[in-house]
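All chains should be built: construct the whole structure from the sequences, respecting the hints.
If you count the sequence shown from 1, position 127 lands on 127 in full-length UniProt numbering, and the numbers rise without skipping.
A hint or two may mislead.
[Stated by the list, open to error] List time: in silico DSBU-like cross-link candidates among lysine-lysine, alpha-carbon distance up to 30 Å:
1. 213 to 157
2. 213 to 85
3. 245 to 148
4. 85 to 148
5. 157 to 53
6. 172 to 157
7. 213 to 176
8. 148 to 172
9. 245 to 176
10. 245 to 53
11. 245 to 213
12. 148 to 53
No lab work stands behind these hints: they were computed from the structure.
Model, not experiment: these values are computed from the prediction.
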Amino acid sequence: MERHGGAAAAASVRLQDPAELPEHIVPAVLRVDFPDTYPSVDPPVASLKNWPKRDQVEGLHAEMLALFVPNEMVVFSWVEFLREKLNEIADAEPKPPAHTPQPATDAASTTETFDDAHDADDAASSFLSSPPPPAIAVVSGETFTTQKSSFQAHVAKVTSAADAIRVVNSLKQDRKILRATHNMVAYRIERGDRPGSFVCDNDDDGENAAGSKLAHLLDIVDARNVVVVVSRWYGGIHLGPSRFKIINNVARELLLQEGFITGAGD
1 MERHGGAAAA
11 ASVRLQDPAE
21 LPEHIVPAVL
31 RVDFPDTYPS
41 VDPPVASLKN
51 WPKRDQVEGL
61 HAEMLALFVP
71 NEMVVFSWVE
81 FLREKLNEIA
91 DAEPKPPAHT
101 PQPATDAAST
111 TETFDDAHDA
121 DDAASSFLSS
131 PPPPAIAVVS
141 GETFTTQKSS
151 FQAHVAKVTS
161 AADAIRVVNS
171 LKQDRKILRA
181 THNMVAYRIE
191 RGDRPGSFVC
201 DNDDDGENAA
211 GSKLAHLLDI
221 VDARNVVVVV
231 SRWYGGIHLG
241 PSRFKIINNV
251 ARELLLQEGF
261 ITGAGD
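Here it is in C-alpha cells:
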C-alpha cells in the first residue's frame, strides 16, 4: 500500500490522463486515507489537488460523503463520480482556437483539500512528479459461456488501491472488455504497516451485489495483494441467482491457478 506519512494506509489516484490534457493543465488527483474504522463505520478521508473549479470542492465533498454506506466500499464509486464531474467540466468549457496561447496554470492556486489535518498537497505533488509506474501484469482466464452469457476473470498482483484502479483502466483499453455488460471488481491488499490488516474495496458495475460477493470470496480464501475483475457479456437470457455462482467460480479458478489461494483458504 502506498503510504504518505502517518500510520494509516493511503492511496493517490490520478483522475485524468496527462496525454489527453493541454500542456498547461495539471491532472487532478484524489488522495484517500483509510482510517481503521473504514468501511465498518467511517468513510476514507478524501482530498483533492488541481481540481479545475475551486468553488465546486465543498459540494463535491458533500456528494462523496453521501455515497458512503457503512460496511460498503466506496473508493471506486468516488473515482467514477469525480471523473464524470471532470468530463462535465471539460464539455462545458469553450474550445479556444488552436493558435490562441493559454496562460500557464499555477498548480498551487488550484489546490483544495477536504481535511487540513492531512498534507495531501505534498503527497499528490510527489505522485505526479514521480516517473510512470511500471506496467502491472494482468492474467485473464478462459471465457465461460452459458445460455448466451459469457464470463471471464482477470487477476493481477497489486500493492495499492491506485494499482488496482490502474489494472481496471488498463483492462478497459481492450474494446471487448470495455463493451462488457458489467466489469465487476474487488481487491484486497495487506497493509504494510499492520500485517493482518487489509485495505479492501469493490465495485458492482451495475450487477447488484456482485462486487461484494467477490470481496467476500477474497476474504474467505485469504487472498492477499490482488485485484480480481470479472467481465460479463449478457446474452439476453436471465440467469437469476446462478450468475453469482458463475462469477465467483471463474474468479476462484483463476485465483487458484495464479497462486493467490493457498493453505486453509483453498
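Comparing the hints with the structure gives:
1. In summary, the hint linking residue 213 to residue 157 is supported, as the alpha carbons are separated by about 19 Å, within the 30 Å threshold.
2. For the given pair, residue 213 sits about 29 Å from residue 85 by alpha-carbon distance, which is consistent with the 30 Å threshold.
3. For the suggested pair residue 245 and residue 148, the alpha carbons sit about 16 Å apart, so the restraint of at most 30 Å is met.
4. Annotation: proposed proximity of residue 85 to residue 148 is violated, straight-line Cα distance about 35 Å (limit 30 Å).
5. A threshold of 30 Å between alpha carbons decides the hint, and for residue 157 with residue 53 the separation of about 35 Å lies outside it, so the pair is violated.
6. The hinted pair formed by residue 172 and residue 157 meets the criterion: a straight-line CA distance of about 17 Å does not exceed 30 Å.
7. Taking the CA atoms of residue 213 and residue 176, the gap is near 24 Å; set against the 30 Å cutoff, the hint holds.
8. For the hint pairing residue 148 with residue 172, the CA-to-CA distance comes to about 22 Å; that is within 30 Å, so the pair holds.
9. A C-alpha spacing of about 23 Å is found between residue 245 and residue 176, which places the hinted pair at or below 30 Å, so the restraint holds.
10. Between residue 245 and residue 53, the direct Cα distance comes to roughly 44 Å. Violation of the 30 Å bound is thereby established for this hinted pair.
11. Among the hinted pairs, residue 245 with residue 213 is consistent with the structure: their alpha-carbon atoms are about 9 Å apart, no more than 30 Å.
12. A threshold of 30 Å between alpha carbons decides the hint, and for residue 148 with residue 53 the separation of about 45 Å lies outside it, so the pair is violated.
Hints 4, 5, 10, 12 from the earlier list are contradicted by this structure; the remaining hints agree with it.
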